[in-house]
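Read top to bottom, the protein sequences are chains H and E. Be aware that the first sequence starts at 1, since it is given in the numbering used here, and climbs by one per residue. Be aware that the second sequence starts at 1001, since it is given in the numbering used here, and climbs by one per residue.
These aren't lab readings, by the way, just hints derived from the structure by calculation. Glycine is no exception: its CB is placed at the ideal position from the N, C-alpha and C atoms.
With a Cα cut of at most 35 Å, we get these calculated DSBU-like pairs of lysine-lysine: (1) Lys1200/E <-> Lys1184/E; (2) Lys1274/E <-> Lys7/H; (3) Lys1063/E <-> Lys1200/E; (4) Lys7/H <-> Lys232/H; (5) Lys1274/E <-> Lys357/H; (6) Lys1252/E <-> Lys1063/E; (7) Lys1063/E <-> Lys1077/E; (8) Lys1252/E <-> Lys1077/E; (9) Lys411/H <-> Lys1274/E; (10) Lys17/H <-> Lys232/H; (11) Lys1274/E <-> Lys17/H; (12) Lys1274/E <-> Lys232/H; (13) Lys1252/E <-> Lys1200/E; (14) Lys357/H <-> Lys343/H; (15) Lys1063/E <-> Lys1087/E.
Beyond 10 Å from chain E on every Cβ pair, some chain H residues (computed): (16) Trp18; (17) Ile108; (18) Ser169; (19) Val210; (20) Lys232; (21) Lys357.
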Amino acid sequence: MSFAWAKQYEPQTALTKWLDDKLPLPRLVYSAVGAGYPVPRNLNYMWNFGVLAGFCLMIQIVTGVVLAMHYAANATVAFGTVEHIMRNVNYGWMLRYAHANGASFFFIVIYMHIFRGLFYSSYKAPREMIWLLGVVIFLLMMATAFMGYVLPWGQMSFWGAQVITGLFSAIPLVGEPLQVWLLGGFAPDNAALNRFFSLHFLMPFVIAGVVILHIWALHIPGSSNPTGVEVKQESDTVPFHPYYTTKDGFGLGVFLILFTTMVFFLPNALGHPDNYIEANPLSTPAHIVPEWYFWPFYAILRAFTGDLSIPFTGIVLIPAKLLGVIAMFGSILLWFILPWLDKSPVRSGHYRPLFRKFFWFGLIPTMIALFICGGAPAEEPYVVISQIATAYYFLHFLVILPIISQIEVPKALPFSITEAVLGNSKAAEAPRATGVVGGGDAGSLPDGSLQPAE
Amino acid sequence: MSIRLGGIIAGLAITAVLLFWSLAPGVYNYAFGPAPEKQPSYAFYEHGEGPEGGFSFDGAFGKWDYAQLQRGYQVYKEVCSACHSLKFVAFRNLQELGYTEAEVDAEAASWTVPGIDPATGETTTRPGEPTDYFPMPFPNAIAAAAANNNAIPPDLSLMTKARHDGSNYVYSLLTGYTEPDPEKAAKVGFETPVGLYFNKHFPNVNIAMAPPLAVDGQVTYADGTNATIPQMATDVAAFLTWTAEPSLVQRKQTGWFVIGFLLFATVLAFLSYKQIWAGLKPKKG
Chain H
1 MSFAWAKQYE PQTALTKWLD DKLPLPRLVY SAVGAGYPVP RNLNYMWNFG
51 VLAGFCLMIQ IVTGVVLAMH YAANATVAFG TVEHIMRNVN YGWMLRYAHA
101 NGASFFFIVI YMHIFRGLFY SSYKAPREMI WLLGVVIFLL MMATAFMGYV
151 LPWGQMSFWG AQVITGLFSA IPLVGEPLQV WLLGGFAPDN AALNRFFSLH
201 FLMPFVIAGV VILHIWALHI PGSSNPTGVE VKQESDTVPF HPYYTTKDGF
251 GLGVFLILFT TMVFFLPNAL GHPDNYIEAN PLSTPAHIVP EWYFWPFYAI
301 LRAFTGDLSI PFTGIVLIPA KLLGVIAMFG SILLWFILPW LDKSPVRSGH
351 YRPLFRKFFW FGLIPTMIAL FICGGAPAEE PYVVISQIAT AYYFLHFLVI
401 LPIISQIEVP KALPFSITEA VLGNSKAAEA PRATGVVGGG DAGSLPDGSL
451 QPAE
Chain E
1001 MSIRLGGIIA GLAITAVLLF WSLAPGVYNY AFGPAPEKQP SYAFYEHGEG
1051 PEGGFSFDGA FGKWDYAQLQ RGYQVYKEVC SACHSLKFVA FRNLQELGYT
1101 EAEVDAEAAS WTVPGIDPAT GETTTRPGEP TDYFPMPFPN AIAAAAANNN
1151 AIPPDLSLMT KARHDGSNYV YSLLTGYTEP DPEKAAKVGF ETPVGLYFNK
1201 HFPNVNIAMA PPLAVDGQVT YADGTNATIP QMATDVAAFL TWTAEPSLVQ
1251 RKQTGWFVIG FLLFATVLAF LSYKQIWAGL KPKKG
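Hey, can you work out the whole structure from these sequences and the hints?
See the structure below:
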């Protein structure tokens, strides 16, 4: 994989030569995230978020493993052991706040990463597999975050578990037994807490495994870039190290400043006060809301207020609850067919005038509206707004994207990345590598057929 | 092509179901249906503000006022602890309020905690020790409810984190016992039910807790501070902020150190990024 001009690892010392013979791990790292991985030279800051997401996963695993040493997954003591961590464990408050806010920042980073992919159409050929694996990671993250929120066993933990597992009860025939099976009882209790803890510990490592596949798949075609024009020549790329290690290092610094500001100065701002009240099955909170990063999908769930029935007969075909559940899961699952819905040959939103308008003035306001409505109580005007926004969400991906990819006239693309960066005249002078086309793996080289609108 | 056609059909179907079966009936109800009923108590609720001048621990540089925390502890001990537990706090923690070890020993011994008679094994009571946690005022939830008109007094350890803007909430609740505006109450037929008390800063304005701070001078402060109701409310709200988050001040101080280091490291990272990329960037003009 990778390009013909990618530098090869050359062990210098006897020890590294010996290691390279037996287990070429340094060679793997060198080719994956070192000087041996050529990356387009024109990546903007939106391309920082992949590395940041990997860093967030590591923060969560490290803090989580230490927290698990002090936590007990038992409904009678779970809430107390969290307070034990906050009060008696050395720097336990820092670990717990870093873990809780780390989840929020993980989602901020992942949403930036996803919406970067949506704007620059990173999901298009030849990168469909990277996108599909990314959606799998996102789904695993949602499951992990949900189960993690149950562990402190506060009021929102308990009632959130009740509501989310209750979604499965909407499935016809098997729904109710399925919910009981998932919870290990008729309501969230010790059985549910124990299995959620077990799975919450397991899932991050599953995510890490899929992340490795995600990066592996990335290294077949190489990174996309803001022009959407594929790499053609050596002057289009720079080695990942030191160019993007330093740029990502700076991005990581900015990220950590924002993250630690929340951890040390506003640690509870993103949480719900009710979760500092111990779980009580006899007292329902006034408004049950999930964590903020689920709000857009929660709004889609609640947008369906009426049963699908045959008018004037009262025959219910699909109850409202099931419609909401289908729509909520469908809103994410439709991302799996996104590479085949948007067939425009141009990738980057910068060169797609119509697509860009619908992205900035359609999709983004819709996501903001869904976010606000998902966190608001289920009353007017939030219900109507979430219904209109939900309708637009599905129309955008399933109807508008396929249609504009047919009728849109894209802007002229630059010939190459080098031309886009240096301008037309200078591109000709730019040093070019020998063996520009041909050589290397056939599947990895831009073969012209993937080039849009030329 | 078939995926796109299927997608368009599915998208239009979902939208149609949403618009015709959920949105349209909702809008019709909203326009022509009965107006949603609002509880009359909504008209009397007022959002509570904190004490004048705020708390010493507010803000990014906030610090504990130890004299205030000790006064707040006294209010808890003499007033709140009759009904409210503090189960996540141990007597040993009081040392963080500026008490000496000997003072903590004496303070712990002034409380009675459940114990076991070493001779007979019978349950009994004994004076507290620093390692003990604050005792529960009622033997169980049923006893707590029975003694309090069916409302169980909540544990106060985490109260200021379990309510939005908790420190100010506790202060405003303790100073929010007033009478409802009689004209307004007569107009909407509002009356506080028997056994409950009107409090304009409680979400549904009818609270089961009798006014705990009823008169000025209810507590005689050891440090001679004039114990007005707002003073006692401020002090106990500060104390409960400490019980909810003993690490609050340490957390903020650590934060400044961490962010200072990160700013330095980020500037270095930025400079190295600029230096590495210097040869690559196109020169302007």
